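**Student:** Read off the chains here:
There are 2 protein chains.
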Amino acid sequence: MSETTKFLLAEREIPESWYNLAADLPSPPPPPLDPATGRPLDPATLAPLFPHALIAQEMASERWIPIPEEVRSVYRLWRPTPLLRARNLEQRLGTPAHIYYKYEGVSPTGSHKPNTAVAQAFYNRAEGVRRLVTETGAGQWGSSLAFAGAMFGLEVQVFMVRVSYQQKPYRKALMETYGARCLPSPSPETAAGRRFLAEDPDHPGSLGIAISEAVEVAAQNPDAKYALGSVLNHVLLHQTVIGLEAMRQMEMAGEWPDVLVGCTGGGSNFAGLVFPFLGRSLREGRRLRVVAAEPAACPSLTRGVYAWDFGDSAGTTPLMKMHTLGSGFVPPGFHAGGLRYHGMAPMVSHLRELGLIEAVALGQRECFEAGVLFARSEGIVPAPEATHAVRAAIREAEAAREAREPRVILFNLCGHGHFDMQAYADFFAGRLEDRELTAEELARSLASLPRLR
Amino acid sequence: MSETTKFLLAEREIPESWYNLAADLPSPPPPPLDPATGRPLDPATLAPLFPHALIAQEMASERWIPIPEEVRSVYRLWRPTPLLRARNLEQRLGTPAHIYYKYEGVSPTGSHKPNTAVAQAFYNRAEGVRRLVTETGAGQWGSSLAFAGAMFGLEVQVFMVRVSYQQKPYRKALMETYGARCLPSPSPETAAGRRFLAEDPDHPGSLGIAISEAVEVAAQNPDAKYALGSVLNHVLLHQTVIGLEAMRQMEMAGEWPDVLVGCTGGGSNFAGLVFPFLGRSLREGRRLRVVAAEPAACPSLTRGVYAWDFGDSAGTTPLMKMHTLGSGFVPPGFHAGGLRYHGMAPMVSHLRELGLIEAVALGQRECFEAGVLFARSEGIVPAPEATHAVRAAIREAEAAREAREPRVILFNLCGHGHFDMQAYADFFAGRLEDRELTAEELARSLASLPRLR
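These protein sequence lines are chains A and B, in that order. Number 389 in our numbering belongs to position 388 of the first sequence; there are no gaps in the numbering. Number 341 in our numbering belongs to position 340 of the second sequence; there are no gaps in the numbering.
Next comes chain A alone, as it looks inside the complex (with noise of 0.2 angstroms):
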């Protein structure tokens, strides 16, 4: 029988600031550089891309930032969002393991994304942009900037991968419902879009070359900024009220977690999760490990160099140092589009290389069948990116078996898989395949790599 565990908080238990790993970092992440000098960026650069306040947060080296009250009151629609125990999938795994998550799912998106989408869509009004531009690849962000857009007043634009564009009309159409308006990339709208389209016009597009033209739209229009809905530090700031959320919830449950893992596209539902628990294990000197979980068909941890890297395909952006595929990489199909980017954030890449977290990566189908099982135990049914979770916890929780440990094993549940069950559908008629990358496709899309002056 089935019995529900769960942890939850009071309104007013909404964290009050974001947590700045950086504060408690051994060494701080290489800054951003200038492509054009080689030298680190002077902020000011980024003035036409982003409003100051996240230009100041993006650089940031207090612990503690606070959440403005507009943000909170926005949050207060579905945050704090609940933290339970997975005890069916305990009994059906017959683990000493205790498997806790964080479930991410119950935003009006369905994902952790509004957590930053509202704080960017708030910061910008309140420096007069009217409009944001952005990239989606899922639909997962560029949903939910929409709907931040939405409650604060702003026009929206997204560019959305066409190949998703193609195969995920009601992405679409719940971006058009919050009043945005959304696009296929590569777009004839832009001098980037125009480019790759030259090159192929059936182009399936990527996330780094959607971000190519959502930056160029926001640089040529002063009443337009650009959003970014992962890998830089005040995105996954904004993500922090998840982990810190989970660490009061941990301490209800009375206990606390011996492994934390995430799945990593970006980095940013990782970085929510992991960032408040790794700064407090450092601080106090706990030993904590912490689990990226990646999809092997777009390795950026596990297989990607780390180096300097464009964060777009075009090469517009700053060069980030990020464990990378190459800025050019064009990952094969597989179903979780929201980890299907060349690159991870610097924050992230940063502590893989400080030794503080491992990385694994894994194939699709051994995801979606951790999914199905996940959903018949515990009755909500994942995102794909989030089944990369589900079957990275479900391996620490056969490994507590093997060890006869009751390890504590916490992750984040990022979304539900509701406007993702084509995934599903395919992988109950058997049409998923699992591909990994080629040595030779990567050594291809490695030689996209800048070379520093």
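Everything labelled a hint here was simulated from the structure, so no lab data went into it. In this text the structure is predicted, and so the values were computed from the model without any measurement. Some hints here could point you the wrong way.
One copy or two, either will do: identical chains are not told apart, so a pair holds if it fits within one copy or between any two.
Taking lysine to aspartate or glutamate pairs in the EDC-like style, the calculated list, with each CA pair at most 20 angstroms apart, reads [said to hold, decoys possible]:
hint	residue 1	residue 2
1	K7	E71
2	K322	E59
3	K7	E17
4	K7	E70
5	K322	E359
6	K7	E252
Here the structure of chain A is known, so what remains is to put chain B in place on it, guided by the hints.
**Tutor:** Here is chain B on its own, set in the frame of chain A:
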């Protein structure tokens, strides 16, 4: 700028009993009749279809019926659900009314349906049943029973109205993810299905037909029982957790509703919100307006007759006194799949006859307009069914504006629209038609009403 006012209950405030409106009515609703004799049904004849506990609840007259701890445990996965005040919508409408809504879309399947699915699965499991058979229209009920079956280790078989089965492959995938078997109705697996297929091999199906098939399978298999997602007293009873929570939350808000609004298909989400408030109003002699919002394309309360009718199309169920369009009614195509039933719950019909509730029929375009306005104001995209409640609540708020009265309106937002974005896409593309039933169609359909001996 956006502002969120939410009223949250603690987990221990999940109701401990369901509320039975029958205890507070001035007269009881007419009991179901045995079609063979025309006399009140012997409850024992329902035993092949339902477990004893649910038959007892169907006939119960006591005011409070305890919720088993096993059911409350599964409720805890998503309950208590939030109640929110739609302040942004109020501002956009320029109304002095206060608009509150109870939000049931946070459940694992995105609607209120699990409230009864979980209870039904529990009682069946407790009496040794191994398999539940049911029907579903749009898929909300089928996926909710599939979820509940997974929680209690029951097999679930779902007959899905064929036109929905073809249009909504994602709902089928959701049921399969939970381990259920979903097949299109009419199907060749039952005598009833074969009969309708013989008439028309491409029969689009109807809820009435799918019920006939599910009832037939359950009646013929000793280890299987039937489960219904609306209409019956015990189903409405289980939904009263919605209104019981909402009463406490309105007390937290320091207000009491002047008007309650819910959408009606079979009546379950409407009853769930309304019955506890209505019972208290009756006991305390307070005035309370209640508005049922139904689709103009399937207008059982506003244009149906109050008569004895079958619950299914093959005429295999007991006869129920209800507002009905005739059990042979096949509604024209429209998007609120959960509101396509030919009849109305006998208890809700009885309230209409007693003059305790009002009803209004709405076109689907004005409902989707209201849904989009709500999404852009409040951040949540309503299910097509729920847009009817939104539109009716907006009408009430506009009436309050005309009257310059600060009325308090509470409506049930019974589900999110994440599975129904095709409907919104059709709305934006101008592909939605408003199709009212003609007088001839109604007369033809009513000719199927049974004649009592």
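**Student:** Decide, hint by hint, whether the structure agrees.
**Tutor:** Hints, one by one, checked against the model:
1. Proximity of K7 to E71 under the C-alpha cut-off of 20 angstroms is restricted to the inter-copy arrangement: shortest distance 14 angstroms between copies versus 28 angstroms within a copy.
2. Proximity of K322 to E59 under the C-alpha cut-off of 20 angstroms is restricted to the intra-copy arrangement: shortest distance 15 angstroms within a copy versus 66 angstroms between copies.
3. Proximity of K7 and E17 under a CA criterion of 20 angstroms is satisfied inter-copy only: 18 angstroms between copies versus 23 angstroms inside one chain copy.
4. Taking CA atoms no more than 20 angstroms apart as the test, K7 paired with E70 passes between copies only; the shortest distance there is 15 angstroms, against 27 angstroms inside one copy.
5. Within a single copy, K322 and E359 get their C-alpha atoms as close as 18 angstroms, which meets the 20 angstroms cut-off; across copies the closest is 65 angstroms, which misses it.
6. For the homomeric pair K7 and E252, the shortest alpha-carbon distance inside one copy (13 angstroms) is at most 20 angstroms, but the shortest distance between copies (25 angstroms) is not.
Hint check: no violations occur; every hint is consistent with the structure.
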